[in-house]
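A.B. asks: Below, each chain spelled out in residue letters.
2 protein chains.
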Amino acid sequence: MTRRLAYLGPPGTYSEEAALLYDADAELVSATSLPAVIDIVHDGDAEEGIVPVENSLEGAVTFTADLLIHETTLKIKSELVLPIHHCLLATAGATADDVEVVYSHPQSLGQCREYIRQRFPNATPMQSLSNSAAVIDMMQSAKPAVAIAGRRAASFFDVQILEEWVEDNHSNATRFIVLSVEDSAPTGRDKTSICFNFDADKPGSLVSVLAEFSERGINLNKIESRPTRVSLGRYFFLADVDGHQQDGDVRSALEAIGEKVSMLKVLGSYPRHVPD
Amino acid sequence: MTRRLAYLGPPGTYSEEAALLYDADAELVSATSLPAVIDIVHDGDAEEGIVPVENSLEGAVTFTADLLIHETTLKIKSELVLPIHHCLLATAGATADDVEVVYSHPQSLGQCREYIRQRFPNATPMQSLSNSAAVIDMMQSAKPAVAIAGRRAASFFDVQILEEWVEDNHSNATRFIVLSVEDSAPTGRDKTSICFNFDADKPGSLVSVLAEFSERGINLNKIESRPTRVSLGRYFFLADVDGHQQDGDVRSALEAIGEKVSMLKVLGSYPRHVPD
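Going line by line, the protein sequences match chains H and Y. Numbered according to the numbering used here, the first sequence terminates at residue 277, and the numbering increases by one at each position without gaps. Numbered according to the numbering used here, the second sequence terminates at residue 277, and the numbering increases by one at each position without gaps.
One or more of the hints may lead you astray.
Identical copies go unnamed one by one, so any copy, or any two together, can satisfy a pair.
What the hints assert, rightly or not - DSS-like mimics (lysine-lysine), calculated; alpha carbons at most 25 Å apart, straight line:
id	residue 1	residue 2
1	K223	K76
2	K223	K78
3	K223	K261
4	K76	K261
5	K266	K78
6	K266	K76
Note that these hints are calculated values from the structure, not bench results.
Construct the entire structure; sequences and hints are all you get.
C.D. replies: Written as structure tokens, this is what we have:
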């Protein structure tokens, strides 16, 4: 049976590229926002949903972190990493001469700042609501314009790629996670994501939780704090550790942590992405 | 002598409100971006600069965090907290009837989502580049429009406040820091901000650093990770702890940490904000 996979559309975005990288045969269901990706899976209109969690240059996608903490019972069942290489796009027949406007998503404009400054010193960078919208803005522009977006946007809109890898820093990659009703069975090379918080702020609370992992030789991959939305200075913590929650040492660490925190939510155990 | 204080303009933004809260008599120097705030202080065109670091609903201002890690030798000399209460604004004589468009900064639109949905079920939320720009967009709108921005924007542009406190969650506040060439002398109720990272990723590195604080009874207020921009999974850590770097226990903790990390940068010691 074909897997139905919800993603943050429209077609032509990096999220669509990630969805196709995860499963080229999936039936893709385009959502208009990150919460809508989750709603589609909750409602059973897709079995799985794919969302970005972290970019190598920008850091955590905080919107996704907050959804995981506050708004979903879905579990993380997989992760994958999409290299992000921006392309310079133009309409068919157009050249990069006399360009007056460069359209892209604000984050992509930031990632290509030096390139744009040197290549188009006289052009105005203009923000679009997505990389895909940037191509539409370019096609509708009254002034000579180019757009910066992914390869997938070029094929989807049938525009030409003038240059590739135009980002200033080529080690640009985004990690995505796949959400579903259940997480994954152990594979022997897994990781586990959790979130937790504390009632009171006292010296050593966080250290004492993290020590439950380090004392068992469990590697902490990532820790991140998010506001509780109650007051400044109170946080939820999100952590990724090596191992599956069914592994003996991870399970005993989680049991010990459960005694120390006011809330502990296991977001899922799933196969770890291994870089090529 | 009047203090010259750089802030992220234009006038009418919450950053200007914070600058006036910090020093109502300062000569304000409007900057066009966060890096420009820092450049103005580096160049001596202002003695101090004020930048947002954290919002109680949205979390860290990651752009500021990255500037502190990568791009400045300025020190943090003060912090302050600005309560954020959005207002519904309209041009003089206009009412909130038949409104077709609601302009605001994307973050403010997010913070007033429920309010907008209930108050203006038929209006379209439109993104502006700042709260201040939203007022200009409203004034230039061909369709009946309102804007959401702060009190200061209303007085600056001389438009009317139709409603106050229109944000969905009233515990909305932003913490700002003041940057200068030197940080502050000890006051007895201080905090210290640091950033650090590790060459290699091994179990317990982070715990072992944080334990230097907890073993000395030093409270950790905040920890946050930011990408190194080299590859996914490598981070800089930013931490705030109670106490001044000239205090004996903080100094000895920092010395011990210096032996464990590949980079340690003390961003400054400064008087701690005390909630009313």
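A.B. asks: Up to 25 Å between alpha-carbons, please classify K223 paired with K76: within, between, both or neither.
C.D. replies: Close inside one copy (18 Å), not across copies (27 Å); limit 25 Å.
A.B. asks: Checking an output row: K223 and K78, CA cutoff 25 Å. Within, between, both or neither?
C.D. replies: within (18 Å within a copy, 30 Å between copies)
A.B. asks: At most 25 Å between alpha carbons: which applies to K266 and K78, within, between, both or neither?
C.D. replies: Answer is within; shortest intra-copy Cα gap is 15 Å, inter-copy 38 Å.
A.B. asks: Checking K223 and K261: alpha-carbon separation at most 25 Å within a copy, between copies, both or neither?
C.D. replies: both (20 Å within a copy, 18 Å between copies)
A.B. asks: Checking an output row: K76 and K261, CA cutoff 25 Å. Within, between, both or neither?
C.D. replies: within (23 Å within a copy, 36 Å between copies)
A.B. asks: Is it within, between, both or neither when you check K266 against K76 at 25 Å Cα-Cα?
C.D. replies: Answer is within; shortest intra-copy Cα gap is 10 Å, inter-copy 38 Å.
Consistency note: the structure conflicts with none of the earlier hints.
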